[in-house]
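**Q** Chain by chain, the residues:
There are 2 protein chains.
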Amino acid sequence: MWGRFRSKLGQRRLQILIAYPYQYRYCLHPHIFTTHSTMNTTATIKTFGGELLKLSHDSKVNGCKMDLNVFVPPNAPAKVPVLFFLSGLTCTGNNCAEKGFLHPFAAKHGIAIVYPDTSPRGHNIPGEDDSWDFGSGAGFYLNATKEPYKGKYNMYQYISEELPALLWQQFPQFDKDNVGITGHSMGGHGALTLFLKNPGMYKSVSAFSPISNPKNCPWGDKAFSGYLNDKSEWDDYDASELIKKYKGPTPGILIDCGTADNFYTQGQLLPENLVAASKGTEFDGKVDLRLQDGYDHSYYFISTFAEDHVNHAAKYLTASKL
Amino acid sequence: MWGRFRSKLGQRRLQILIAYPYQYRYCLHPHIFTTHSTMNTTATIKTFGGELLKLSHDSKVNGCKMDLNVFVPPNAPAKVPVLFFLSGLTCTGNNCAEKGFLHPFAAKHGIAIVYPDTSPRGHNIPGEDDSWDFGSGAGFYLNATKEPYKGKYNMYQYISEELPALLWQQFPQFDKDNVGITGHSMGGHGALTLFLKNPGMYKSVSAFSPISNPKNCPWGDKAFSGYLNDKSEWDDYDASELIKKYKGPTPGILIDCGTADNFYTQGQLLPENLVAASKGTEFDGKVDLRLQDGYDHSYYFISTFAEDHVNHAAKYLTASKL
Chain A
1 MWGRFRSKLG
11 QRRLQILIAY
21 PYQYRYCLHP
31 HIFTTHSTMN
41 TTATIKTFGG
51 ELLKLSHDSK
61 VNGCKMDLNV
71 FVPPNAPAKV
81 PVLFFLSGLT
91 CTGNNCAEKG
101 FLHPFAAKHG
111 IAIVYPDTSP
121 RGHNIPGEDD
131 SWDFGSGAGF
141 YLNATKEPYK
151 GKYNMYQYIS
161 EELPALLWQQ
171 FPQFDKDNVG
181 ITGHSMGGHG
191 ALTLFLKNPG
201 MYKSVSAFSP
211 ISNPKNCPWG
221 DKAFSGYLND
231 KSEWDDYDAS
241 ELIKKYKGPT
251 PGILIDCGTA
261 DNFYTQGQLL
271 PENLVAASKG
281 TEFDGKVDLR
291 LQDGYDHSYY
301 FISTFAEDHV
311 NHAAKYLTAS
321 KL
Chain B
323 MWGRFRSKLG
333 QRRLQILIAY
343 PYQYRYCLHP
353 HIFTTHSTMN
363 TTATIKTFGG
373 ELLKLSHDSK
383 VNGCKMDLNV
393 FVPPNAPAKV
403 PVLFFLSGLT
413 CTGNNCAEKG
423 FLHPFAAKHG
433 IAIVYPDTSP
443 RGHNIPGEDD
453 SWDFGSGAGF
463 YLNATKEPYK
473 GKYNMYQYIS
483 EELPALLWQQ
493 FPQFDKDNVG
503 ITGHSMGGHG
513 ALTLFLKNPG
523 MYKSVSAFSP
533 ISNPKNCPWG
543 DKAFSGYLND
553 KSEWDDYDAS
563 ELIKKYKGPT
573 PGILIDCGTA
583 DNFYTQGQLL
593 PENLVAASKG
603 TEFDGKVDLR
613 LQDGYDHSYY
623 FISTFAEDHV
633 NHAAKYLTAS
643 KL
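Sequence order for the protein chains is A and B.
Each residue of the first sequence is one higher than the one before, counting from 1 in the numbering used here.
Each residue of the second sequence is one higher than the one before, counting from 323 in the numbering used here.
No lab work stands behind these hints: they were computed from the structure.
The C-beta atom is built at its ideal place from N, Cα and C for all residues, glycine as well.
Worth double-checking, as some hints may not be accurate.
[Said to hold, decoys possible] FRET-style restraints, in silico, Cβ to Cβ: (1) 444(B) x 284(A): 52 to 60 Å; (2) 75(A) x 401(B): 38 to 46 Å; (3) 168(A) x 483(B): 54 to 62 Å.
[Unchecked claim] Computed, partial: chain B to chain A, Cβ under 7 Å: (4) 423; (5) 622; (6) 626.
Chain A with its partners taken away, still in its complex shape (with noise of 0.2 Å):
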C-alpha cells in the first residue's frame, strides 16, 4: 500500500486526503461508491457520533450534476427531523459542513443537516465562471427566466422540489412533515424567501448575515438583471416583499448580523429592512434581528451562534428540552 504513495499521484491524493478524506476515497477508491435509490454516496464520514454523508445526483431541473452534504445525527427518533442550511455565495455544501460546527448540536437534538451546493455546474454558459456573486456558486435560489441561464439556473424548485423529493426516498427516516430552514448571506436570503414562498413547507426559519432585500443592494441587482426576465419579478424573490403578502404558520424568525460584517456596512444585507417590512403583518414583533457586536462575515461568526440556530430549529421541529 505504502509503495503507491510515493508516486506524486499517490502524493497528491493523500494530500487531499489529509483536507478531504471523502475526495481521497473517491480518488482511489471509486468502487466504494455506493448506488441508492436516488443518489451516489461518495463517502460516510463520522462525526459527533452521527455520519456526514457526501452525496451526488442528476438533477433534473438543473440540468447537471448535484453534490451535497448530509449530516444523519446519531440516535436518531424514527421520523428525523430534517433542517437545510443554504450556503452564501462561492461556497459549495462542503464550507458549513466543515466549519459551521452545527453537527454537535444537531446530533443532541436528533436532527438531520441537508447542505446542497449554491448552483447549477458546469453548463459552460458564456461568462457562468467570470463572476464570484454571479453564475456558478450565485444561484440565488431563484428560477431563471432570462436567456441564457433559463432552463438551466433553477435553484428554487431545486432546493423546494427536486432535492427535497429525493431526499424523502433516499432517506426513508427523515421526517418530511418537519423541515426547518437556515442559511447564510445569499443563503440566508434562499432560507426566508423560501419560507416566505411557501407557508407551512418550513416548520422553522432562521439567518446568519442574510441578504434581506436583495432588489435594494448592488449583490441582489446585479442577480435579478442576470437571471430575471422582467423587473416585475423581482419582488418575488425578496424576503422584504414576501413577508408584506405572507399568509400562514408565524414561527419566530430569527438573524443574527455581525456590526463588523463589511457586506453589512456596505447596505448588501439590509436586515433592518425585514424588520421594517414586518410592521403590521403577521410577523410584526416575531422577527428577531440580532446584532452581533463586532463579528464579520466569515465561518468564524457562523460558529459562534450556529448552536443558537439550530437550538432555534429545535424549537419548532423536536420535543427538545432547550
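Given the structure of chain A, go ahead and fit chain B onto it with the hints provided.
**A** Relative to chain A, chain B alone:
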C-alpha cells in the same frame, strides 16, 4: 467602494474575503497591518467572544517568515494559560483554527490557543516542495542536522524556544508558567516529543491520532532519514523511546485515535507502541489511549473530541470546574 468589486481583482478579493476575511483585509487594506513589539498582526477576527489573531514574524532559527494564529479568550484571567496546538502534514496554522472547534471550550476555560505553522517555508531547497510528507508542511518538529535542511529546518527550537519567547513579549498577559501542548498526527508526535524532551515545561499534554513511534513507521523513516544525519539521533525524536527515559512531572496523557483512520490501520501511528513503552515507567497507567470506533483522520474527528482535549488541558492549566 462597490465599483472596485466589479474588477476581476476585486472579485477575487471578495471570494477570498468570504473564505478568509483576514486575507481580504490584507489584500485590500495593507495599511491595517499593525506592528507590535515582535509580530505583525494581519487580522483580528472575533469568534466565540474572543479574538483570533493572524500573526506573522521573522524567525531567526528557521531563517524565514513564519505565520501563526492565536486565539485570545474573552474575560480572560490576569494570567492566561496557553495551549499549543501542533498541526499535521500539509497543514498550516489555519486548518485547525477553522475546523478544529477548540475555541468555544478555550473561551469557557479562559485558555489561549497557539496554532503555529508546520514547517519553515520558502527556502527554495531543491525538492522542498515536492513531497506532501517531507519538506514544506512537514517539519516534524525536529532540528535538522542533515544538509541541505540543516540550519534551516529547526521546528523543535522554534516551538520550544523562539516562538514562546516572542509570544511572551507580544502577549504579556499570557502565563508562561502555565502552558500545555496538543496536536494532530505529525503534530501529535510534536506534542508528545516536546513534552517528553522538556520535563516541566508543559503542564498538560494530549494528542489526536499521533505518530507515536516514528522510527518504526514509513512517515518517520522518510522524515528522520531526510532531516537527521545519523540514525543514532532518531530515538531523541521518538515518543516511544523518550517516554522510557523521562524523569519529571507526570500529568495524564490523553490520546484519541479513530479505528477507521487509514493511517492508523496502515501502521503509521502506532499509539499502542507508546502505551507498551510506558509500562514500568513513570507513565505506567497514565497513558489514556482511546480508540474511537469508526472515526477517520480528518478534522471531523478532531472537532468531535476537541472539547475533551481542551477540558483535559484545563484540568492541569486552570482551576476550572470540569
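**Q** Hints first: check each against the structure and report whether it holds.
**A** Checked hints:
no.	hint	in the structure
1	444(B) x 284(A): 52 to 60 Å	holds, 59 Å
2	75(A) x 401(B): 38 to 46 Å	holds, 41 Å
3	168(A) x 483(B): 54 to 62 Å	holds, 59 Å
4	423	holds, 5 Å
5	622	holds, 4 Å
6	626	holds, 5 Å
Checked against the numbered hints listed earlier, the structure breaks none of them; every hint is satisfied.
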